[in-house]
Structures are given as structure tokens and as C-alpha cells.
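We have chain A already, so just place chain B on it with the hints.
Sequences listed follow chains A and B, in order.
Residues in the first sequence are numbered from 0 upward in steps of one, following numbering that gives the first Met the number 0.
Residues in the second sequence are numbered from 0 upward in steps of one, following numbering that gives the first Met the number 0.
A couple of the hints might just be wrong.
Ranges of calculated distance between the beta carbons of each label pair, as one might list FRET restraints [claimed, not checked]:
1. A:E212 <-> B:A73: 38 to 46 Å
2. A:H340 <-> B:M195: 36 to 44 Å
3. B:M195 <-> A:A108: 35 to 43 Å
4. A:F220 <-> B:R308: 54 to 62 Å
5. A:L22 <-> B:L28: 49 to 57 Å
6. B:R208 <-> A:R36: 23 to 31 Å
7. A:P135 <-> B:P155: 28 to 36 Å
8. A:L15 <-> B:L28: 55 to 63 Å
9. B:R46 <-> A:T96: 48 to 56 Å
Hints are computed from structural coordinates only; laboratory data are not their basis.
Glycine included, every Cβ here is placed at the ideal spot set by N, Cα and C.
So you can see what is in the structure, the chains are spelled out below.
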Amino acid sequence: MTMQDFIGHAQWVFLLYFIGINLGYLSQNLLATIGIRRYLQTADHHEAEGVFSVLDVPISIVVPAFNESVSIISSVKALLQLQYPLYELVVINDGSTDDTLAKLIEGFALRPFPEAYRDRIPSSPVRGIYSSERHPNLRVIDKENGGSKADAVNAGINACRYPLVAVVDGDSVLQPDSLRRVVRPFLEDPTTIAVGGTVRIANGCTVRRGFIEKVGLPSNFLALVQVVEYLRAFLFGRMGWSPINALLIVSGAFGVFRKEVLTEIGGFNPRAVGEDMELIVRMHRHMREQRRPYRITFVPDPVCWTDAPETLKGLKSQRVRWQHGLGQSLFLNRSLMFNRHGGTVSWLAVPFYLIFELFGPILEVMGYLVMIGAGIMGWISAPAALLFLAAAIALGVLLSSSAIMLEELSFHLYPRTRDVLLLFLIAVVENFGYRQLTALWRLQGLARWLFGRSHKWESIARTESLSDATRSVRVLTMPPEDASRR
Amino acid sequence: MWEFLSPPTSDLAVVIAAWTAATATFTSLVLFGATLALRFATVQRTRRRRRVIERWREVFAATIVASAEADLPALPRYRDDERMLLLEEWNRLHEAVDGIARDRLARVARRLGFADFARRKLRRRWLSERLAAIQTLGNLREIAEWENFIELLDHPNTALSITAAKALVQIDRSDAVRFVMPHVVARDDWPQATVMRILREAGAELVTRPLCNAILTADADTAVRLLKYTGVAQSDMIDQLVELLLRERKEPAVLTAAMRALGSGSTPPRTARLTEHDVWYVRMEAAKLLGRIGQPRDLPVLEALLGDREWWVRYRAAQAIVALPGLEPAALRALARRQQDSFASDMMQQAMAEAGIA
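Looking at chain A on its own, in the form it has when it is part of the complex (with noise of 0.2 Å):
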């Protein structure tokens, strides 16, 4: 084979892959559209109407805290505010080796709880349980670091009360009404067992009092692109995959579990480096192998605002983790992948979670690099290796832009008009640099699932010795002899 033949092999196999991943990702654009028209022409009747009334089902919000001690006494102070009439809060101080505890012990009056504590999840021990004498929903576990957040939050599964779970990150910015709206796929159809929402970009935004006060855009650069790849991700991506039941991720940002399937599958993997996504594709596999009915939502409204990176070592580290975890989500899923029983999850997600999300950024980065190699060395005339480049980057801005376009026509939060115009510019100028640097990093990623290094986020100093001001406190964990209790 000539390298004139080769190249005219790798051209078709790029152009492929690069239509087949956008007619992909187009049709869970429309079936997105379709959804969240649905979605918006009931939501307002409902809301108007209350038709969902929330009181019979509430509420345990798991919150994980490892060294949050500059901002853990604000979360929890908006986390005590949402509009919900039921629900208890559930800090877990994951050994954090600052002052997190002392300041939750002294800015919500927290006092040793003599609590029942039942280990139904395994995870490190707990030193303590305290609760609030201000806010009876209040309750703060405090144990050994259990070196990832899947343990903390495990621990604080143990610890709920509500058939219902919510997992909060630490940092994240919840609506005053999230809660309400996430829990309605759980009153709609009972056999819903877990539901997620739209996860946005808070930089830019303005925060008072732990909730977002005006909408804005950030001036960074990279938070900036990471807002339309988030409308790009959430508004088409995952309300895409809902409709046919088989979305395969639910943002640890924010998650709502029915608790006893958490339970009955062990909760989160303390091991996965993609904790959110493990769990979800793990619940598939569970209830498709039990043969039991069940349904994994996803509700398009923002309820949820976090922070993204905004420097370059940040965001590699993010995107590198990401990769990684979707692999080792798939791999230790993979009795999923064509599975007879396994429906849309089986045979359409999990193929193409695997073939382009996953080894995407193979065929991504070997395309550009084989592309403009060919190009420069006149294998292909230099016009034809411009065309297609130039057909990814404009099937790349045709996705942001139906993105932005699917936003204006639902929520339309970004209030300026200029707000519109420069997100239609980052769709663009994104597509220079930045996309091919993420693939890059995707490629990292994969890389290091592969060859099974383990990523530098689980070796974040979280093991270090742990505080004794909290050791006179009874533990309270179960004792091994009498395991025929729950």
C-alpha cells in the first residue's frame, strides 16, 4: 500500500467517524428538542397548578466535605434555605485535616448525637455523629478520610432517614427550588429510581447568600468555552439520552437517588475515579440483569451551578479524570455492552459511549495530526486538507450553536444580548485550539485508564493523621458480632 492509498483510506475512516459522531450527537439534539417542549409545555401548568405536591416524599441531601473550611458554613447555610417542606441535611466532614468540623460545631451549634448509626454500606469508620440545636435537619457525620469522596457519601447514605437521596458537592450552587423539580420524575412514574439536572457554569454569575443572584457570563477564557461545551453536554447531551431511558451519567454535582436500589447495589465505588458515572451504569446493569423496571431521568432545568476550572492545569486534570473514569465506568460495566436483556442501554449508549466518546479522541487527535501532516508533505493537495479540517470545525460549531439556539428557546438565562452573541463566538473561536487541546487530554486519559495508572486525584493528601479533638465521641458503628441485625 502506497502512502497516497493510505491516506485515501484514513480520509474516509476520519470523514466517517466525524459525520457518524455529529449525526449522533444531531439526533439526540432533536430528540432533546422534542423532550424539552414537552417538558416546558406541562412544567408551567404544573407549577402553576401545583400539581406536584412534595409532601409525601422527602428528602436526605448527602453532602460530602473534605478541607472546606473557607465555604462549608455558607453551603450549608443555603443548603438549610431551599424550598422544599421536608427534608434533612447530611454533612459528612470526610476527615478533613482543617478546621471543617470545629466550624460547623460552632457556626450551627452542633452537639454529639447519641445515634444508632447502621453500616449498611461499608465505609471508613465513623468517629461521631453530631446534630444541630438550631436546625433540627441538620445532621453532621464526622469520620476517618476514606480517600474519595464515594466514601464520604456512602457513609452519609447510611446515616439518611428519606426513601429519597440527594447528593451535593460541597461547591455547588443549588436553585432555591431544585428539589422540587427534580423530584417530580419520582412522583410521575414510581419506578424512577434516579434523576439528574442541568449542571451550569458559575463563574460570572453573581452569588449572595449561597444562591445565584444575576446570570452572567465569566471573563476567563476557559470558564467561558466551558459554558456552551456545558449547554452542549446537558441540554442535548443528556436530555438526548433520557427519553429512551438510557442515560449513563448523572453529575455528582447534583443527583437525586432512590435509596433503597443505592443501598441494595452497595451505593457509590470508592474505587472508580468516575463515581457519578460508575454508579449510574452500575444501576442499569443491576435492574437489566434483575429484569426490573426502572427509570433514569433527567429534568432540563438548571438546577444546579458549579465552578469550573479556569486555569489550563486545572482543566487538563478535570478532562484527564473524566476520561478516565467513563473508561473504568464501561469496563466495569461491561457485561452492559450487547446485552440480550440490555435494551437501548446495551445496544445504543454503551456502543457509543465506547466508540466515540471513549476512543474518540484516537481517531480525534490522529485525524488532525494525519490531516495536516498529509498536507503539509503534498500526500493531499493542501485545499483538500483544509476541507476537512474545516468540515469538523463546522459540524463542531453547528453543534454549540443548536445548543445555544436549544438554551434561548427554553431557559434563556444569559439576559444581555451581547451574553448570546459572544457564547455564538466562543462556539467558533473553540474550535481552534481548545477542542484539539481537550482531545488531547482525552487521549491522556484513556491512556492512563489503559495502562491502569492510577490518577493524581486520588492521591490528593486526604489520608493525613487524623484531628484527635474529636475522638472522645462514642463510634458508634456497628458491632461485627451481631451482622444479622440491620
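Here is chain B on its own, set in the frame of chain A:
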């Protein structure tokens, strides 16, 4: 003029790439234009909406307080495309007021020709307009739409069918119950909060008997769902129904739902069969029930449940003990101390701490 699309080579892949690039760029430009147009339209609509609502809110408020026909405010002029906004605002206000205020609002709605307008909207495809139309016609108690709404009860769309049910009850509650109740039984897609509101509006005297009959003959799943509506029914009949269910039915889900249906003023049913039930959540519900309506004589049963193998049963039993009438903190502390079983004593400590008993 399309020469720029002619690729520099005849290679098919390059041709496809060229067309893909051109089509995607063109579509993006269209989306860009459409988004800006949409933004412009939204801004205009929001401004107009604000103006209309401000103007008419005053008119509606003056209407509500007008004691005589002569006091009714003059109605401002409005554009045809503002009428839907008015209708929505009127519906919102109608839901918020009661009694004579509603009658006065209805009078204004007739002067504004809302009934005819709503009838036209009822035949449109756009769901939110149809819903607003049904709501308006229900609020105006338009008997002429009765048959239409009866038909809509069978509509597969949940919002449409339940809004029609609500409208029927508003139009003629005694006749509506006959048509609506079978759908309350059959339609498990109807949101419970709305069903409760409809049944409450229909009134306990009309709802209780058909509801009890439906529960008695329903399968387990339906009985559990219907038992949630017993809060709107007459409590004496519900107590009898629960007693019958606890005696006759075996399904654990029905037993727990029946226990939940008992009000706090009810006579305690015989719970022995329930506190010793094989299924843990039946035992838990029995403990919970005793926490609500139990008497000091139930203490031995609850104390036995403190040693249950299931955490939730122990928890509810401990809470029930703390809630029993006549048990002083000192007696509770003594009870906690005398527990040989550490699980039971831990749970008592927790329940006492929750109740603020140190």
C-alpha cells in the same frame, strides 16, 4: 456562484467534506439568525406581558372589591394577541381567591368574552393553550362544555384529562363525582396532589362512599394508591374501612397503607397480628401507628419491638415509646437503662435525644 464548493480534487471523500462543511456552516448561520430573532421576540413579549399584566391586575383587583355593578371598573382596551395573557392572569387570580370574589371575576370574564375565546383555544393543538382554556371554562362553570370534558377524561395526556376532571367538579360537583371517580381509580398517571384537590373540592360527603367501595374491591396496587386519598373522606367511615382491611387483607403493602390512613383521633385497631408480622415494614408501620394513637398499655408490645432485627422497626418503636402519653422523661430514662440489648438501648438513646430528652 457555487464554484467555491468545487473541491480541488474529484475525490468523493473531499466532495463530501466540502458539502458537509458548507451545509454545517450554512445551518449554523441560520441558527444564529434564528436565535437572535428569538431573543428579540422574547424581549418584546416579556415587556408586553409585563405591561398588560400591570394594567389588568389593577382592573381585576378593583373588580374583586367592587360591591355594586356601578363600582365595576371600566375595562381598558386590549389587543387580540394580548387576550391569552389576560386569560392566564385571570386564571391565576381566580385560583387565588374564593367565594364572592370569584363570582365577580367571572362577571368580568363574561364581559371580556373569555368563554368564547377559551372555546376556540380548546380546539387548538398547543397543549398549554388547551389547558388554560379548560381551566377557564371550568372556572366559569360552563355547562355547555360538560360532554367535551367527559370525553377528555379518557384522553391519554395526563394534564388534559385531569384538568378536565377538575373542570367537571367545578361545573357540577355532585354529578361530576359519578364520572370522575372511575377515572381516579383507573388512572394511575394522575398526580396525587391534584386528585386530592379535586376530591376535596367535590366534598367528603360525595366522595367517601365511592372511594371506600373502590378500595374494598381494588387490587393491592390500586388499593394502596386510593388509600392515600382517604384524608379527604369522612373519618368514621375510613376507620371502619381500615379495620376491615386490616382484618381481611393479607398484602403487606395494603396493610401498611391502611394503617397510614388512620387519623390521629382514630380508635387503635388490634395490632398484635401486625407487630408480629413477617414483613418488617408492616411491623414498622404498626410501631409508627402506635406512636400516633397508642396508649400506655401498648408499651410492652413496643418494648419488644425495640429488639427487632430491623433498624427501622427499632427506630419507630423507640419513637413511639417516647411519644406515648403519660411517660415522663425519668420513666423513659429508666426504660432505656433496663434494656439488656445494646441495640434497643442505643435506639432509645437516639429517640430520646431527638425528642430533646437528655
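Status of the hints after comparison with the structure:
1. A:E212 <-> B:A73: 38 to 46 Å: Holds, at about 40 Å.
2. A:H340 <-> B:M195: 36 to 44 Å: 38 Å, holds
3. B:M195 <-> A:A108: 35 to 43 Å: Hint holds: Cβ distance 38 Å, inside 35 to 43 Å.
4. A:F220 <-> B:R308: 54 to 62 Å: 59 Å, holds
5. A:L22 <-> B:L28: 49 to 57 Å: Once the Cβ atoms are compared, 20 Å apart, the range 49 to 57 Å for L28 of chain B and L22 of chain A is violated.
6. B:R208 <-> A:R36: 23 to 31 Å: At roughly 43 Å between Cβ atoms, R36 of chain A and R208 of chain B fall outside 23 to 31 Å, so the hint is violated.
7. A:P135 <-> B:P155: 28 to 36 Å: Given range 28 to 36 Å: violated, Cβ gap about 44 Å.
8. A:L15 <-> B:L28: 55 to 63 Å: 25 Å, violated
9. B:R46 <-> A:T96: 48 to 56 Å: 54 Å, holds
Hint compliance for this structure: hints 5, 6, 7 and 8 are not met, and every other hint is.
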